[in-house]
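Protein sequences, first through last, are from chains A and B. Quick note: the first sequence uses the UniProt record's numbering, first residue 1, plus one each step. Quick note: the second sequence uses the UniProt record's numbering, first residue 1, plus one each step.
Just so you know, these hints were derived from the structure itself, not from any lab. Some hints here could point you the wrong way.
[To be verified] If you anchor each label on the Cβ, the simulated ranges turn out as follows:
{"id": "1", "chain 1": "B", "residue 1": "Ala-91", "chain 2": "A", "residue 2": "Ala-20", "range": "20 to 28 Å"}
{"id": "2", "chain 1": "B", "residue 1": "Ala-63", "chain 2": "A", "residue 2": "Asp-16", "range": "51 to 59 Å"}
{"id": "3", "chain 1": "A", "residue 1": "Asp-16", "chain 2": "B", "residue 2": "Thr-202", "range": "43 to 51 Å"}
{"id": "4", "chain 1": "A", "residue 1": "Glu-110", "chain 2": "B", "residue 2": "Arg-422", "range": "47 to 55 Å"}
{"id": "5", "chain 1": "B", "residue 1": "Ala-87", "chain 2": "A", "residue 2": "Glu-110", "range": "27 to 35 Å"}
{"id": "6", "chain 1": "A", "residue 1": "Asp-71", "chain 2": "B", "residue 2": "Arg-81", "range": "45 to 53 Å"}
{"id": "7", "chain 1": "A", "residue 1": "Gln-109", "chain 2": "B", "residue 2": "Ser-444", "range": "39 to 47 Å"}
{"id": "8", "chain 1": "A", "residue 1": "Gln-109", "chain 2": "B", "residue 2": "Asp-352", "range": "35 to 43 Å"}
{"id": "9", "chain 1": "B", "residue 1": "Ser-444", "chain 2": "A", "residue 2": "Asn-133", "range": "52 to 60 Å"}
{"id": "10", "chain 1": "B", "residue 1": "Arg-167", "chain 2": "A", "residue 2": "Thr-48", "range": "39 to 47 Å"}
{"id": "11", "chain 1": "A", "residue 1": "Ala-107", "chain 2": "B", "residue 2": "Arg-121", "range": "32 to 40 Å"}
{"id": "12", "chain 1": "B", "residue 1": "Ala-91", "chain 2": "A", "residue 2": "Asn-133", "range": "15 to 23 Å"}
{"id": "13", "chain 1": "A", "residue 1": "Thr-48", "chain 2": "B", "residue 2": "Asp-374", "range": "21 to 29 Å"}
Just so you know, even glycine gets a beta-carbon here, dropped at the ideal spot from N, CA and C.
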Amino acid sequence: MTHVTDLDMLIADLNDRPPALAVDRAAEALALAAEAAEALAEREDYDTATLWWAAGTLSSAHRLLLPHTQDDPPPLPPGPGPLADGSGRLNDVLQATVDALDRAARATQEPQRLYALSRAADLADKSRRACVNARAAT
Amino acid sequence: MTEATFEDFLDLAADRLDRATLAVADGTTVGAATCAALSAVTRSLIALSTRYGLLPSGIPAAAWQPAVVERLTAADRAFRRHGRPDASPSAADAKISDAARLLTVAQDLLATHLTTPDPPRQFARTPQGEQLLDAPVRDHLLRRAAAIADQLAALTRIVLSVDDLTRRRPHLEQAYRPRGKDLALAASELADAAAQCPAPTTARLELLPAPVLATSVTYPSPDEDPVHAAEQTRDALRRIATAAYQAAHALRSGEYPPQHTAGDLYQTATHLAVAHTIAAELLTRISPHLPAHAEWNWAEAAARLRASGAAWLRLRRAWGQTVSVPDSGPRSPLTVQATSLVIRLGRLAYDDPAWSPHAGPGHPRGLGELLVPDVLDALCVTISALPCEAAVIAANHARLITDGVLDLHSPDRAHRPDSEGRRFFPLQPAQRAELAVSYRDAASASKTAAADLADLGRGYRTLKEVVVTFASRRTARPSPERMHRQAHQKPRQQERPDGERPIIPKR
Numbered sequence: 001m002t003h004v005t006d007l008d009m010l011i012a013d014l015n016d017r018p019p020a021l022a023v024d025r026a027a028e029a030l031a032l033a034a035e036a037a038e039a040l041a042e043r044e045d046y047d048t049a050t051l052w053w054a055a056g057t058l059s060s061a062h063r064l065l066l067p068h069t070q071d072d073p074p075p076l077p078p079g080p081g082p083l084a085d086g087s088g089r090l091n092d093v094l095q096a097t098v099d100a101l102d103r104a105a106r107a108t109q110e111p112q113r114l115y116a117l118s119r120a121a122d123l124a125d126k127s128r129r130a131c132v133n134a135r136a137a138t
Numbered sequence: 001m002t003e004a005t006f007e008d009f010l011d012l013a014a015d016r017l018d019r020a021t022l023a024v025a026d027g028t029t030v031g032a033a034t035c036a037a038l039s040a041v042t043r044s045l046i047a048l049s050t051r052y053g054l055l056p057s058g059i060p061a062a063a064w065q066p067a068v069v070e071r072l073t074a075a076d077r078a079f080r081r082h083g084r085p086d087a088s089p090s091a092a093d094a095k096i097s098d099a100a101r102l103l104t105v106a107q108d109l110l111a112t113h114l115t116t117p118d119p120p121r122q123f124a125r126t127p128q129g130e131q132l133l134d135a136p137v138r139d140h141l142l143r144r145a146a147a148i149a150d151q152l153a154a155l156t157r158i159v160l161s162v163d164d165l166t167r168r169r170p171h172l173e174q175a176y177r178p179r180g181k182d183l184a185l186a187a188s189e190l191a192d193a194a195a196q197c198p199a200p201t202t203a204r205l206e207l208l209p210a211p212v213l214a215t216s217v218t219y220p221s222p223d224e225d226p227v228h229a230a231e232q233t234r235d236a237l238r239r240i241a242t243a244a245y246q247a248a249h250a251l252r253s254g255e256y257p258p259q260h261t262a263g264d265l266y267q268t269a270t271h272l273a274v275a276h277t278i279a280a281e282l283l284t285r286i287s288p289h290l291p292a293h294a295e296w297n298w299a300e301a302a303a304r305l306r307a308s309g310a311a312w313l314r315l316r317r318a319w320g321q322t323v324s325v326p327d328s329g330p331r332s333p334l335t336v337q338a339t340s341l342v343i344r345l346g347r348l349a350y351d352d353p354a355w356s357p358h359a360g361p362g363h364p365r366g367l368g369e370l371l372v373p374d375v376l377d378a379l380c381v382t383i384s385a386l387p388c389e390a391a392v393i394a395a396n397h398a399r400l401i402t403d404g405v406l407d408l409h410s411p412d413r414a415h416r417p418d419s420e421g422r423r424f425f426p427l428q429p430a431q432r433a434e435l436a437v438s439y440r441d442a443a444s445a446s447k448t449a450a451a452d453l454a455d456l457g458r459g460y461r462t463l464k465e466v467v468v469t470f471a472s473r474r475t476a477r478p479s480p481e482r483m484h485r486q487a488h489q490k491p492r493q494q495e496r497p498d499g500e501r502p503i504i505p506k507r
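Just chain B, with the same shape it has in the complex (with noise of 0.2 Å):
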C-alpha cells in the first residue's frame, strides 16, 4: 500500500476542485451549500497561509504572506454571506466541500511533524519537521495555496456565470448584497490571492505523516509479501531515525523520548551496515533493467552504497569498548527494528523465507519476482530511503554522544580511575571522539549515497515516465538543421498576399 504524502493530498483537492467544475458546468443549482462549500475551501486556503506562511518567529515566510491572507479573508467573507452549512449540497456542492477535507488533512499531515501546529513557538517532533521551519519550505507552501486559490477562483467565476438565482427571484436584485455581486467579489479577490505569488512552484514536498512510536513492534514472519516488507523497512528506518531524532532534541513538550542505550546504538550500526550492502547488492541486480538517463548511474550508486556500508561497519570497533549501565537487550524496540530491516532486506535479496543475518549471504532470489512492476517500485523506493535515513540517523546518534544525553561508560580496565573497585569507568574523552568521528563519516557516506539515489526514490514507473517524456520531448525537437531552415523561411510562411498574419488556430 502506497502511503501518500502532503502533496498527493494536494493533487486529489486540486483533481476535485476539476471535476466539482465540471459538474458546475453541466449544469447544477447554485446554491447556499455551493457558498458555503466555496467558503470551506477558502478558509483550509487561510489556515494553509497562516499556520505555514508565517516563520515559527511570527515573522511572514515571504513579503506577500499578508496580502495573501487579507484577500482570502475578503474571499471568505463575501461567500459566508451567503452560505449555510445545513442546506442541501448538490454533487458538484459535495466535490466541492470534498476538495476542503482534503486540504484540511494535507495540513493535518504537517501538523503531525510538529508540537504545536500554529506559530510562534512551533518545534519540530521529527527530522522533516524541522525542515518544514524553514523559510523556503514555507514559501513553497504559499506559493501552493496560492495556486490553489487560482483555481478555486475560476470555480467562482464559473459558479458565477451559472448561478441564476436573480432570474428566479428577480426581487433579490434589489437586495443589500446580491449574491451575484458577492460572487463575483470572491473570484475577483481569490484572483488578487493567487496574483500575489511571483510565480509558481514545480518542486514537490513529499512528507509523509510521521511515524507512529508508540505502537508495537515484533520480528518478521516468514514469506511475507515482498511490498509489504518493503514498505516495513522503509517505516523501520523513519521510526528509527524519528526516535533517533526526539532522543537528541529532547522537547518539553510532556512526550517522553524513547530511551537509547550503547546497545541500541551499537546494533544499529551493525544491522545498518548489513543493511547498506544487501542494498547494494540488490540494486546491481536491478539496475540493468531500471530505465536509462544521462543523470543516473546506478553503479556509482551501488558502490557508494557499498562504501557506506563500510562506514557504518568501522562504528562497530568503536562502540567496541562502550556501554550503558544499565544497557538493553535483544529485546529492545529499537533493536527489534533495527534487526527487521535487515532481515526484511535480506528476504528480499535472497531465495530464503526464513533467512536471518546470522545465515550470511545466501542464494540470491529469483530476479523474475524481483521484476515484478510494483516489486521494483517498492525496491526503488526503499533503497533509496535506505541511505537517506540512515544519514539522519548517524547524525542524531552523534549528537546523542557529544551532547551527552546517552550514559556511557568503558568496560576497559585500563580506563580505571586509581583507588575505585567499580566495574565500569567513565567513558575516555578519545573514546568520545572516536565514536563523534565515526558517526560523521558515517552520516557523511550515507548523505552521498541518498544524494545519488534521490532519483530513484520516484519509483520505478516514475522514472520510466520520465525517461519516455524525456525521449518523446527530444523527439518532438527539430535537428539544428532544420530550424536553421525554418529561420530562413519564417518570414515567407508568415506573409501573406493581403499583409495580414496568419490565423494561428486554438488546439
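The shape of chain A in the complex, shown without the other chains (with noise of 0.2 Å):
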C-alpha cells in the first residue's frame, strides 16, 4: 500500500510542481523507470529485446537529466517496485514524466537545458510506447 501511495505521489508531484522541481521528480521517476523495465524484460509474457531497448533508453535520458537537477539525486532504488507489477502504472509514470519534461522545456530560455529536457522527454516517449508494445507484442 506504501509503494502506491509514493507512485500516486510520485505522478502529482511530477502533474503539480512548477516545472524546474518537477525535473528532480522526472529524473527519480525514470530511475525508476528503468530498473522496471529491466526487471520486466525478465518475464515471460514480455519481449525481452524491446524491454532492454526501453531499459537502456530510459537510463539515457536520466543521464540527460542529471546535471540540470537542482538536488542531489536520490540514491536508486534497490529493485523495480511495484512499477513492475505490469498493471499499467508504469505506463503512467512514464506519460507523467514526458509532460512534466515538456513543460520544463517549454518554461526555460537557456538552450542546452532546453535540449536535456526535450530530448530525455523524447526517450522517454519513446521508451514508454516501446514498453506498451512489449506487452502487446506477446
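Please dock the two separately framed chains into a single complex, following the hints provided.
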C-alpha cells in the first residue's frame, strides 16, 4: 500500500510541481522506470529485447537530466518496486514524466537545458511506447 | 554535461514533428492553433533557407534555393489564413510549436558565429563561422531545411485527414477559402519545396555555440570531476582558438578583440606542446580498450600527437628572443587558460589531484577510472579536439606575427641599431621568419593529427555503435558462394505455376 501511495505522490508531483522542480522528480521517475523495464524484460510474457532497449533508453534519459537537477539525486532504488507489477502504472508514470519534462522544456530559456529536457522527454516517450508494445507483442 | 550541437537541435525538431504526427494520428482536434503552429515551423524553415541559403554576397548557395523559399512562403500563406496564435493549443499543437522553437534555437546557435545573421555582409566571428560562410555548408543547411519541409508536408497531410471542421460545420465547405483546401495546398507546396533538393544529405554540421570570451577564467580546483575537467579543457581550447581568430581578423564591429602579447603566445605554445604529449600518453593507455576498425589506427594517431607536441615545442626556441612591450604576466586570461588546459589534462592522466606542469610526468591514473564509459567518452572527444583547435590556434597566431598585428621586439643587444640606447629593439626579419615557419610546422603537424583523430571525436559510445553496426552488416551480408547460388536459383524461385510474380510481404 505504501508503494502505491509513493507512486501516486510521484505522479502528483510530476503533474503539479512548478516545471523547474518537477525535473528532479522526473529524474527519479526515469531511474525507477529503467529498473522496472529491466525487471519486466526477465518475465516470460514480455518481449525481452524491446524492454532491454527501453531500459537502456530510460537510463540515457536519466543521465541527460542529472546535470539539470537542483538537488542531489536520491539513491537508486534497490529494486523495480511496484512499477514492475505490470498493471500499467509504468505507462502512467512515464506519461506524467514526459508531460512534466515537456512543460519544463517550454519554461526554460537556456538552450542547453532546453536540449537536455526535450531530448529526455523524447527518449522517455519512445520508451513508454516500447513498453506498451513489449506487452502487446507477446 | 554534453553540449548540444546545431544538428542535435535539428534532430530534436524532427523528433518533435514525429511525436506531433503520432499525437495527431491518435485523434486530436485540429484548430486555429494547429495552423498557427504549422505556420511557425514553416517560417523557421523560411528563415533558415533565406539566411543560410544565400552566400554572404547575396547569391543563392544552390540554384534551387529560390524555389524552396518561394514554395515555403506559399505554404506559410496558406497556413496563416487559418491560424490564430492566441487559440488554445492541443497537445499535438504544443509539440509542433516546440519544433518551431527548436529550429529557431538551432539558428540562434549558428548566429553566434557570425557578426550579423542576415546576408549580405555577414562576417565570421569564429573559425567555425568562416566555414559557415562557404557554399558547401550552406548547401548542406538548405538540404536539411528541405528534409524537414518533407516531414512537415507529411504531418500536414495527416492533419488534413483528421480535420473534421466541415463535418462539424458543413456551411464552411462553401467558405471563400475552406481550411481543407488550404491545408492540401500547403502540404503540396511543402512537398514541392522538399522535392527541389536533388538528394538528401548524410553529413552533419556538428557546430557548438561560439564560446563567450567575456566570462572570467580561473585555475582548476583539485579533485575536479574527470568529465567536467575534459569539458573545461575543450572549452578552454575553443576560447583560445576563437580569441586568436578574432585578434587575427579584427572586425570593425564594435567588439574589441582579446589583447595578445608575445608572452601569451609563448605560454600557449609551451602548454600546447605539453598538452599534445599528455594526450598521446592518454590515447596510448586507452587505445587497447577502444573499438577496433580497419580505418582506425590509434597507435599511429598517438605518434602523430607526439610529433605535433614536438613541433609546438620548437616554438619555444623561436620565442626565446622575442618580447612585447609591455608584456602580459602569468595572470593574463589567455595564459591562465593555456595553463589550465594542461593542468586538467595532466590531472586526467596522472594519479595526482593537485598535479601541475612543474611536477613533470606523474604516476599514471588507474586504468579503471579512465575506462568508465562517461569518462572514456569525454576523453575521446577531448583528445580529438586538441589537435583540431591547436591547428586553428597555430594558423591565427602565425597571422598575428606575419601581419604585424603584434608589437614584437627583440631584447638581444646584437640587434641594437647604431646610436640607439633603448633596451628593446625592432624584431629582425629572420626572427619573424623563424616564428612564421615554426607556426606553419606546428599547424601542419596538428592538422595531420586532427585528421587521424577525427573519428575519435564522435565519442567512445558512437564508435562502439559504428563497429557493432558494421559487424552486423557484415554478418547479414551473404557469402560470395551463397550469392552465386542465389543468383542461379532466383528465376526458379520467382516463378510460380500460374506465371505470376510472387507477392513480397511488406515488412
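Quick rundown of the hints versus the structure:
Take Ala-91 of chain B and Ala-20 of chain A: their Cβ atoms lie about 21 Å apart, and the range 20 to 28 Å holds. Our hint of 51 to 59 Å for Ala-63 of chain B and Asp-16 of chain A holds, since their Cβ atoms are close to 55 Å apart. At roughly 44 Å, the beta-carbon separation of Asp-16 of chain A and Thr-202 of chain B lies within the given 43 to 51 Å, and the hint holds. Between Glu-110 of chain A and Arg-422 of chain B the beta carbon distance is about 52 Å. The supplied range of 47 to 55 Å therefore holds.
Between Ala-87 of chain B and Glu-110 of chain A the C-beta distance comes to about 28 Å, which sits within the given range of 27 to 35 Å. Asp-71 of chain A and Arg-81 of chain B have their C-beta atoms about 49 Å apart, which keeps the hinted 45 to 53 Å range intact. At about 43 Å, the beta-carbon gap between Gln-109 of chain A and Ser-444 of chain B stays in the expected band of 39 to 47 Å. Against the hinted window of 35 to 43 Å, the Cβ-Cβ separation of Gln-109 of chain A and Asp-352 of chain B comes to about 40 Å, which satisfies the hint.
Distance hint for Ser-444 of chain B and Asn-133 of chain A: a CB-CB separation of about 54 Å, consistent with the stated range 52 to 60 Å. Arg-167 of chain B and Thr-48 of chain A have their C-beta atoms about 44 Å apart, which keeps the hinted 39 to 47 Å range intact. At about 36 Å, the beta-carbon gap between Ala-107 of chain A and Arg-121 of chain B stays in the expected band of 32 to 40 Å. Taken as a hint, the range 15 to 23 Å holds for the pair Ala-91 of chain B and Asn-133 of chain A, whose Cβ atoms sit roughly 20 Å apart.
Checking the proposed 21 to 29 Å range against Thr-48 of chain A and Asp-374 of chain B shows it holds: the Cβ atoms sit about 26 Å from each other.
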